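Visitor: Model the full assembly from the supplied sequences, consistent with the hints where possible.
Order-wise, the sequence lines are chains A and B. Taken in order, the first sequence gives residues 1 to 244; the numbers are from this note's numbering. Taken in order, the second sequence gives residues 1001 to 1244; the numbers are from this note's numbering.
Errors might be hidden in some of the hints.
To be verified - The calculated lysine-lysine pairs, modelled on BS3-like cross-linking and capped at a C-alpha distance of 25 Å, are:
id : chain 1 : residue 1 : chain 2 : residue 2
1  : B       : Lys1241   : A       : Lys165
2  : B       : Lys1035   : A       : Lys145
3  : A       : Lys145    : B       : Lys1228
4  : B       : Lys1003   : A       : Lys200
5  : A       : Lys142    : B       : Lys1142
6  : B       : Lys1241   : B       : Lys1207
7  : A       : Lys165    : A       : Lys142
8  : B       : Lys1142   : A       : Lys228
9  : B       : Lys1073   : B       : Lys1035
10 : B       : Lys1003   : A       : Lys166
11 : B       : Lys1172   : A       : Lys180
12 : A       : Lys142    : B       : Lys1228
13 : B       : Lys1200   : A       : Lys241
14 : B       : Lys1166   : B       : Lys1035
15 : A       : Lys35     : A       : Lys3
16 : A       : Lys166    : A       : Lys145
17 : B       : Lys1035   : B       : Lys1067
18 : B       : Lys1145   : A       : Lys228
19 : B       : Lys1145   : B       : Lys1180
20 : A       : Lys241    : B       : Lys1067
21 : A       : Lys241    : B       : Lys1145
22 : A       : Lys145    : B       : Lys1166
23 : A       : Lys180    : B       : Lys1200
24 : A       : Lys165    : A       : Lys200
25 : A       : Lys145    : B       : Lys1142
26 : A       : Lys35     : B       : Lys1241
27 : A       : Lys142    : B       : Lys1145
28 : A       : Lys200    : A       : Lys180
29 : A       : Lys46     : A       : Lys3
30 : A       : Lys241    : B       : Lys1228
31 : B       : Lys1166   : A       : Lys241
32 : B       : Lys1200   : A       : Lys3
33 : A       : Lys173    : A       : Lys200
34 : A       : Lys207    : A       : Lys166
35 : A       : Lys67     : B       : Lys1241
36 : A       : Lys241    : B       : Lys1241
37 : B       : Lys1180   : A       : Lys142
38 : B       : Lys1241   : A       : Lys145
39 : B       : Lys1172   : B       : Lys1241
40 : B       : Lys1073   : A       : Lys142
FYI, nobody ran anything at the bench for these hints, they're computed from the structure. Quantities reported herein were computed from a predicted structural model and do not represent experimental measurements.
These are the residues of each chain, in order.
There are 2 protein chains.
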Amino acid sequence: MGKIYITGIGPGNLENMTLKALEVLSFCDTIIGYKVYIELARHYFKDKEFLSTGMAEEVQRCELCFKKAAEGKNVALVCSGDAGIYGMAELMYQTGTAYPDIPFEIVPGVTAASSGAALLGAPLIQDFAVISLSDLLTPWEKIEKRIIATAYADMVICLYNPSSKKRAGYLKKACQLILKYALPETICGITENIGREGEKWAVYTLKELAEIPVNMFTTVFIGNSQTKVIDGMMVTPRGYKIGR
Amino acid sequence: MGKIYITGIGPGNLENMTLKALEVLSFCDTIIGYKVYIELARHYFKDKEFLSTGMAEEVQRCELCFKKAAEGKNVALVCSGDAGIYGMAELMYQTGTAYPDIPFEIVPGVTAASSGAALLGAPLIQDFAVISLSDLLTPWEKIEKRIIATAYADMVICLYNPSSKKRAGYLKKACQLILKYALPETICGITENIGREGEKWAVYTLKELAEIPVNMFTTVFIGNSQTKVIDGMMVTPRGYKIGR
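Guide: Set out below in structure tokens:
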């Protein structure tokens, strides 16, 4: 019987992958994942069995892992970023109750909040919230409540999945909610395709951010009331006395 | 002139370090950091100049990096976890304005939220907040407001720095605040010394968590109303239809 490694591969380039993730991908017979992330892995690892399922086929993807492991394969289920942050770790526990004999392990990775922050400057140095704008699995009212609560508490907010074809105006709606508690001049940033072709990042004000086109590869950062721009970068002071 | 790499080394073992962090530590002449993290690095990298400053000497630590780089050394400033989450990235931008010619770069790493979640199960699969209980640089009233807001919005909460010698009762205070919005049976977890000697993790209810002794190497996870225990692990369902 094989083992399954639910593996966060980081933002998408080899250098931000952990040594453990690299070892797992090198060692496993079968690499399974959503098409986009499989392509990233295929670029670096040859002579593997690559299997993918589509966007809404997460349960099938998990079942496929257990089936392959039952056949004796060691399986890497790849997730972008970290496997435990909006990743597949939870669904493997849920579906895994039907396969109690097959062992699996979570291999953590660098999530987009961390890799995006490193590009933008240092936006996450104080307390922050990570909120997904996807309402496929979470009702929009709940997402709205979370945005309002964290903006009210002056926390930095990092938004995952800010847009898709079906959810074109969601970032604007989120910005409008935050604008009830934060100034239009609040410093914000976006990162896109981190560590991949088309990588970009930019710093905006909250008012500007509401009008910026984003996509499913964008991660959005909304500063707190102390966030400022230093040399063009987005920086949230922790509060150290610098004495100059 | 040398370059400075502000490097997140992950939880503390080599396997959860990124390839880039490993490359930076191998390449740099001088490795600077808080004593505890320097010891972790010293374990793996020999023939380097190791320099450390104490707990409250963060500004001096940054100045030391710029001084060494001005002398021509390539410097790695090591942070545990991710350099951009309660790490040194921000202070380097702040102190760096006095050294405009010295280049530096942030190298992201696996933060304790990710590495701890991987040990506990899958607690962070839905929206979550990361809050530090240290009131050295943030007034307690602000921390309290953030805890209340995120508990009210039914977000998973990950607490960093839950305790120190001077702040013995802070986790209990935080739990009492959360108990105003969450049931005493809410599923919680702690992780300690992730990837190092003395690694441990445990799952509790919120009521139990209030009485658990923690220290500066503990990371605390407080579930939302949907978080449950599967095979002894802490799992927050994302909401997929599993169809069984």
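Visitor: Could you run down the list of hints and mark each one as holding or not?
Guide: For each hint, the structure was consulted:
{"no.": "1", "hint": "B:Lys1241 <-> A:Lys165", "result": "22 Å, holds"}
{"no.": "2", "hint": "B:Lys1035 <-> A:Lys145", "result": "42 Å, violated"}
{"no.": "3", "hint": "A:Lys145 <-> B:Lys1228", "result": "22 Å, holds"}
{"no.": "4", "hint": "B:Lys1003 <-> A:Lys200", "result": "23 Å, holds"}
{"no.": "5", "hint": "A:Lys142 <-> B:Lys1142", "result": "23 Å, holds"}
{"no.": "6", "hint": "B:Lys1241 <-> B:Lys1207", "result": "30 Å, violated"}
{"no.": "7", "hint": "A:Lys165 <-> A:Lys142", "result": "21 Å, holds"}
{"no.": "8", "hint": "B:Lys1142 <-> A:Lys228", "result": "19 Å, holds"}
{"no.": "9", "hint": "B:Lys1073 <-> B:Lys1035", "result": "20 Å, holds"}
{"no.": "10", "hint": "B:Lys1003 <-> A:Lys166", "result": "45 Å, violated"}
{"no.": "11", "hint": "B:Lys1172 <-> A:Lys180", "result": "32 Å, violated"}
{"no.": "12", "hint": "A:Lys142 <-> B:Lys1228", "result": "19 Å, holds"}
{"no.": "13", "hint": "B:Lys1200 <-> A:Lys241", "result": "35 Å, violated"}
{"no.": "14", "hint": "B:Lys1166 <-> B:Lys1035", "result": "20 Å, holds"}
{"no.": "15", "hint": "A:Lys35 <-> A:Lys3", "result": "22 Å, holds"}
{"no.": "16", "hint": "A:Lys166 <-> A:Lys145", "result": "21 Å, holds"}
{"no.": "17", "hint": "B:Lys1035 <-> B:Lys1067", "result": "19 Å, holds"}
{"no.": "18", "hint": "B:Lys1145 <-> A:Lys228", "result": "22 Å, holds"}
{"no.": "19", "hint": "B:Lys1145 <-> B:Lys1180", "result": "13 Å, holds"}
{"no.": "20", "hint": "A:Lys241 <-> B:Lys1067", "result": "19 Å, holds"}
{"no.": "21", "hint": "A:Lys241 <-> B:Lys1145", "result": "24 Å, holds"}
{"no.": "22", "hint": "A:Lys145 <-> B:Lys1166", "result": "35 Å, violated"}
{"no.": "23", "hint": "A:Lys180 <-> B:Lys1200", "result": "42 Å, violated"}
{"no.": "24", "hint": "A:Lys165 <-> A:Lys200", "result": "20 Å, holds"}
{"no.": "25", "hint": "A:Lys145 <-> B:Lys1142", "result": "19 Å, holds"}
{"no.": "26", "hint": "A:Lys35 <-> B:Lys1241", "result": "21 Å, holds"}
{"no.": "27", "hint": "A:Lys142 <-> B:Lys1145", "result": "19 Å, holds"}
{"no.": "28", "hint": "A:Lys200 <-> A:Lys180", "result": "29 Å, violated"}
{"no.": "29", "hint": "A:Lys46 <-> A:Lys3", "result": "20 Å, holds"}
{"no.": "30", "hint": "A:Lys241 <-> B:Lys1228", "result": "42 Å, violated"}
{"no.": "31", "hint": "B:Lys1166 <-> A:Lys241", "result": "20 Å, holds"}
{"no.": "32", "hint": "B:Lys1200 <-> A:Lys3", "result": "23 Å, holds"}
{"no.": "33", "hint": "A:Lys173 <-> A:Lys200", "result": "23 Å, holds"}
{"no.": "34", "hint": "A:Lys207 <-> A:Lys166", "result": "23 Å, holds"}
{"no.": "35", "hint": "A:Lys67 <-> B:Lys1241", "result": "19 Å, holds"}
{"no.": "36", "hint": "A:Lys241 <-> B:Lys1241", "result": "51 Å, violated"}
{"no.": "37", "hint": "B:Lys1180 <-> A:Lys142", "result": "19 Å, holds"}
{"no.": "38", "hint": "B:Lys1241 <-> A:Lys145", "result": "23 Å, holds"}
{"no.": "39", "hint": "B:Lys1172 <-> B:Lys1241", "result": "36 Å, violated"}
{"no.": "40", "hint": "B:Lys1073 <-> A:Lys142", "result": "51 Å, violated"}
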